[in-house]
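Enquirer: One-letter residues, chain by chain:
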Amino acid sequence: MPGWLDYVIIGAKAAFIWAFALSLLPVLIWFERKGAAFIQDRAGPNRAAIYGVRLAGIVHNISDVVKLLMKEMMIPPHVNRIYFMIAPVLGFTFILSAFAVIPWADRFLVGGRDISMQVADLNAGILFILAITSLNVYGIVLAGWSSNNKFALMGGLRSTAQMISYEVPLGMALVGIFMVFGSAQLNEIVRGQGDLLFGFLPRWGVFVQPLGAILFIVAAFAESNRNPFDLPEGESEIVAGYHVEYSGMRFALFYMGEYAAIVLSSAMITTLFFGGWQIPYFPTEKIVAHSATWLKVMLAGGAIGSFVFAAVMLAWSKRIRGRFGDRREGEGMFLFTLNIVAGAAFTFFLVKVLGLAALPEWGARTVALVAQISTFAVKTLFWCWVFIWVRWSLPRFRYDQLMRLGWKSMIPLSFLNIAITAVVLLLLDRR
Amino acid sequence: MDAILFYILAFFAVLGGLLMVGLKNPLSGAFALILSLCSLAGLFAMLHAEFVFILQILVYAGAIMVLIIFTIMLLNLKKEEIEEAPVGWMRLLLTATVCAAAAFGAIQIFGDVQPVTSQVPPEFGNMETVGRSMLSSFVYPFEVISLILLVAIVGVVLLAKKVI
Amino acid sequence: MDPIGIHHYLYLSAILFFIGAFGVLFRRNLLVILMSIELMLNAVNLSFIAFARHNGSTDGHVAAFFVMALAAAEAGIGLAILVMLFRNRTTVQADDLTLMRD
Chain A
1 MPGWLDYVII GAKAAFIWAF ALSLLPVLIW FERKGAAFIQ DRAGPNRAAI
51 YGVRLAGIVH NISDVVKLLM KEMMIPPHVN RIYFMIAPVL GFTFILSAFA
101 VIPWADRFLV GGRDISMQVA DLNAGILFIL AITSLNVYGI VLAGWSSNNK
151 FALMGGLRST AQMISYEVPL GMALVGIFMV FGSAQLNEIV RGQGDLLFGF
201 LPRWGVFVQP LGAILFIVAA FAESNRNPFD LPEGESEIVA GYHVEYSGMR
251 FALFYMGEYA AIVLSSAMIT TLFFGGWQIP YFPTEKIVAH SATWLKVMLA
301 GGAIGSFVFA AVMLAWSKRI RGRFGDRREG EGMFLFTLNI VAGAAFTFFL
351 VKVLGLAALP EWGARTVALV AQISTFAVKT LFWCWVFIWV RWSLPRFRYD
401 QLMRLGWKSM IPLSFLNIAI TAVVLLLLDR R
Chain B
1001 MDAILFYILA FFAVLGGLLM VGLKNPLSGA FALILSLCSL AGLFAMLHAE
1051 FVFILQILVY AGAIMVLIIF TIMLLNLKKE EIEEAPVGWM RLLLTATVCA
1101 AAAFGAIQIF GDVQPVTSQV PPEFGNMETV GRSMLSSFVY PFEVISLILL
1151 VAIVGVVLLA KKVI
Chain C
2001 MDPIGIHHYL YLSAILFFIG AFGVLFRRNL LVILMSIELM LNAVNLSFIA
2051 FARHNGSTDG HVAAFFVMAL AAAEAGIGLA ILVMLFRNRT TVQADDLTLM
2101 RD
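Residue numbers (the working numbering), protein chains in the order written: chain A, 1 to 431; chain B, 1001 to 1164; chain C, 2001 to 2102.
Treat the hints loosely; a few may be bogus.
[To be verified] Listed next, the in silico DSBU-like pairs over lysine-lysine satisfying Cα-Cα at most 35 Å (straight line):
#	chain 1	residue 1	chain 2	residue 2
1	A	Lys67	A	Lys318
2	B	Lys1161	A	Lys408
3	A	Lys318	A	Lys286
4	A	Lys296	A	Lys408
5	A	Lys150	B	Lys1024
6	A	Lys150	B	Lys1161
7	A	Lys296	A	Lys318
8	A	Lys67	A	Lys408
9	A	Lys286	A	Lys34
Rather than coming from a laboratory, the hints here were simulated on the basis of the structure.
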């Protein structure tokens, strides 16, 4: 019978992964804006400020949220009211529940407990994510149909056809992963990626399943309705597709759902093909064994990074002095102080642990945990950036091109991938 | 605990089924059926059938129902096109009584009405055990099913294509 | 409340099956008829799974898997026929499809 502590641990894990996913949403919106600005060679958002602090446009998100909350949530007279109100909630909810099976670190051994860093260690974890993301289409379909509008209906239709078509290669690309790692449990797959191939290459999914990785990434782009597969929205063709009638916070829920889908896809790509929480060449036991060194290196890195950033901020604040004529000129000094404080804190703790030869067991495990969570977060963020990069670099497909790519190229290629994997595994006799 | 969960899920399964049969609009009916299918998925999970639980959501709720909803939206029926002739209440009641009596009689006679007490191993019903059984003792039905699916694909393509 | 046994699941399965059967018998919209057939197949699946749990063997799960594959094929073909019917006759009411009788 599980005690109260088990419930607390599960609650804490759920809170952590949701906080991770939700706190990435504003970061992603910032990425999107600044990335678009970078690719199109312009400045991007840099006006919204709180007491002169802009944080390179992150503060702009706060003004966005305030704007969306204040706006009226219109319900046009011609829509189907109940479905119209349920639709935005559905999509977002399904995406958030799929995060339950994403592992973000190796098992954490403390006080005789073996805590797996994953909310639900399902035996068929990947299939669960596939199932949940396939439910995600209902939000879009419902929105498109209940809006009672030709453009919205077209968006819903396109989205349905696209989701059905690309779910097949998405699932087929995973079969190779099942075959190589011999499990559908996400944590097992990540553990299997800790070994080395030929003694130097990490045994990541992308190295053992290159074709599968490409197919999966393309299908994941299509599943999250992002450019170049954003035909359900298609501003230039069907105005905004399924959310054309929405406003205020309901519209924002669609927007957040899209970014949550990007985070989920990135987390899945990371977990399946890029080693998840594995740090290449450093399995968990190795980090635990050398935890004192790892802690020192991490603290020193934090201190040096903070000081370098503080120096950059100082130079910048000198450069912009007198350009704005308002509080924004003080931003550089504010950030400088902040980074000096952070650097001092890092240095203080570094001096504290400098003489330490070895950490206690729980401390060593925590160091490994933090290192692995950071690795997972960095990899996920990188893939989120790729999503934005692709969006601002590629044009949209035409609809028949989309269908031809899905049915006539990707599905045969995924079958080919399965056949090749089977033959190679048979030749290596690693069944 | 189990009993409460069972009754909640059973209630939603039956409610979804009734709404599906009763509602005029086929799209509302489709969403009611999704409610029913998801409740059934929950019941499968309660019965230790993890793989079937996931397949139920993946195949039924995620693929078949999406296809049906796609068709409903594609046809986009007008209001007068979904009106149907009313059903005779006497006929309905009579059939319902006969069916219910037959079913419950059959369960009482043939069904084992002892509560489930047998414990199952933790790996019961997961992907590996079901897969092993599917590809060993049921390998011929498995191949036949794949053939049926192939025939279905060819048939659908033939039906949908205007010019062959 | 007595513990939940296999007969509870069987009763539920029977109820769902007959709800589906009523849909097939008394509704005239072909789309609803198709959905009712899906509900009947699901009710059968529930008894398969319940008996599998009761007997402690996974054969019932395999049967449920086959039923699902069949349901997918059936839905695909049924919907294709329905779309073709709608293209030719602009109706999905079973009562209006009397070409062979008239």
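Enquirer: Work down the list of hints and note, for each, if the structure agrees.
Expert: Going down the list of hints, with the structure as the test:
no. : hint                 : result
1   : A:Lys67 / A:Lys318   : 33 Å, holds
2   : B:Lys1161 / A:Lys408 : 16 Å, holds
3   : A:Lys318 / A:Lys286  : 45 Å, violated
4   : A:Lys296 / A:Lys408  : 53 Å, violated
5   : A:Lys150 / B:Lys1024 : 22 Å, holds
6   : A:Lys150 / B:Lys1161 : 25 Å, holds
7   : A:Lys296 / A:Lys318  : 33 Å, holds
8   : A:Lys67 / A:Lys408   : 45 Å, violated
9   : A:Lys286 / A:Lys34   : 38 Å, violated
Violation of the numbered hints given earlier is confined to hints 3, 4, 8 and 9; the remaining hints are satisfied by the structure.
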